[in-house]
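> Single-letter residue listing:
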Amino acid sequence: GENVEQHPSTLSVQEGDSAVIKCTYSDSASNYFPWYKQELGKRPQLIIDIRSNVGEKKDQRIAVTLNKTAKHFSLHITETQPEDSAVYFCAASGGYNKLIFGAGTRLAVHP
Amino acid sequence: EPEVTQTPSHQVTQMGQEVILRCVPISNHLYFYWYRQILGQKVEFLVSFYNNEISEKSEIFDDQFSVERPDGSNFTLKIRSTKLEDSAMYFCASMTSGAYNSPLHFGNGTRLTVT
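Those protein sequences? They're chains P and U, same order as listed. Just so you know, we're using our numbering here: the first sequence kicks off at 1 and counts up by one. Just so you know, we're using our numbering here: the second sequence kicks off at 1001 and counts up by one.
Please keep in mind that the hints were generated in silico from the structure rather than gathered at the bench. Using N, Cα and C, we set each Cβ at its ideal position, and we do this for glycine too. Please note: incorrect hints may appear among the correct ones.
[Said to hold, decoys possible] Calculated cross-link-like contacts (lysine-lysine; reagent style DSBU-like; alpha-carbon spacing at most 30 Å):
1) U:Lys1083 x P:Lys42
2) U:Lys1078 x P:Lys42
3) U:Lys1042 x P:Lys57
4) U:Lys1078 x P:Lys58
5) P:Lys58 x U:Lys1057
6) U:Lys1083 x P:Lys71
7) P:Lys42 x P:Lys57
8) P:Lys57 x U:Lys1083
9) P:Lys68 x U:Lys1042
10) P:Lys58 x P:Lys42
11) U:Lys1078 x P:Lys22
12) P:Lys22 x U:Lys1083
13) U:Lys1042 x U:Lys1078
14) U:Lys1083 x P:Lys58
15) U:Lys1083 x P:Lys68
16) P:Lys71 x U:Lys1042
17) U:Lys1042 x U:Lys1083
18) P:Lys57 x P:Lys71
19) P:Lys68 x U:Lys1078
20) P:Lys71 x U:Lys1078
[To be verified] Partial list, computed: chain U residues near chain P (C-beta under 10 Å):
21) Pro1002
22) Val1004
23) Thr1007
24) Tyr1031
25) Ser1048
26) Ser1058
27) Ile1060
28) Phe1065
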């Protein structure tokens, strides 16, 4: 069935360092790949997304890359700040307009 | 900026009781969803709804679950006979159009606690 694997489950970095989170998906028909940030007790919020006709997208300190052949995509956060600390979820489109989420990565940025 | 709104924010119920979780999607959105998140785990798809009918449902969405759009604004999730394992955060979400031409917007969630 449809599945999204996400690694690592936890990530600890020093402020100013880069953070990379990786996801793989199983459904070759997936064509949309958003990333969500979830702070404790709050809703997931979209931070960046990429569609299958694009290999890379950047928005200030965050970027996402997509390798359709290998069926994996990654989130890159540069110059991390303490307020980047949260749980990050990748997702892939599947079925009839639904999103399948990865298990999440808890990012801790230490001052 | 328009938001998806959910009520209540927290619902406590006893096992075996029925609960109804309510959502008001963004007004010009056409696709509606319920997701759930057990504490500390991933966000799981439950059901999608379009044109007044279910488009797709997961294996979690068994006969105990139902959804309804009783009027032009509300979108509800009913659990007929709650179980302990139904305790989770339930998120409603909506989207303008299909094929992800627009982002999926989540509500703030309803935390359901079954005792």
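> Hints first: check each against the structure and report whether it holds.
Right, here's what the structure says about each hint:
no., hint, in the structure
1, U:Lys1083 x P:Lys42, "holds, 24 Å"
2, U:Lys1078 x P:Lys42, "holds, 22 Å"
3, U:Lys1042 x P:Lys57, "holds, 25 Å"
4, U:Lys1078 x P:Lys58, "violated, 40 Å"
5, P:Lys58 x U:Lys1057, "violated, 33 Å"
6, U:Lys1083 x P:Lys71, "violated, 37 Å"
7, P:Lys42 x P:Lys57, "holds, 26 Å"
8, P:Lys57 x U:Lys1083, "violated, 43 Å"
9, P:Lys68 x U:Lys1042, "holds, 23 Å"
10, P:Lys58 x P:Lys42, "holds, 25 Å"
11, U:Lys1078 x P:Lys22, "violated, 36 Å"
12, P:Lys22 x U:Lys1083, "violated, 35 Å"
13, U:Lys1042 x U:Lys1078, "holds, 21 Å"
14, U:Lys1083 x P:Lys58, "violated, 44 Å"
15, U:Lys1083 x P:Lys68, "violated, 40 Å"
16, P:Lys71 x U:Lys1042, "holds, 20 Å"
17, U:Lys1042 x U:Lys1083, "holds, 20 Å"
18, P:Lys57 x P:Lys71, "holds, 16 Å"
19, P:Lys68 x U:Lys1078, "violated, 38 Å"
20, P:Lys71 x U:Lys1078, "violated, 36 Å"
21, Pro1002, "violated, 14 Å"
22, Val1004, "holds, 8 Å"
23, Thr1007, "violated, 14 Å"
24, Tyr1031, "holds, 6 Å"
25, Ser1048, "holds, 5 Å"
26, Ser1058, "holds, 8 Å"
27, Ile1060, "violated, 13 Å"
28, Phe1065, "violated, 15 Å"
The structure shown violates the earlier hints numbered 4, 5, 6, 8, 11, 12, 14, 15, 19, 20, 21, 23, 27, 28.
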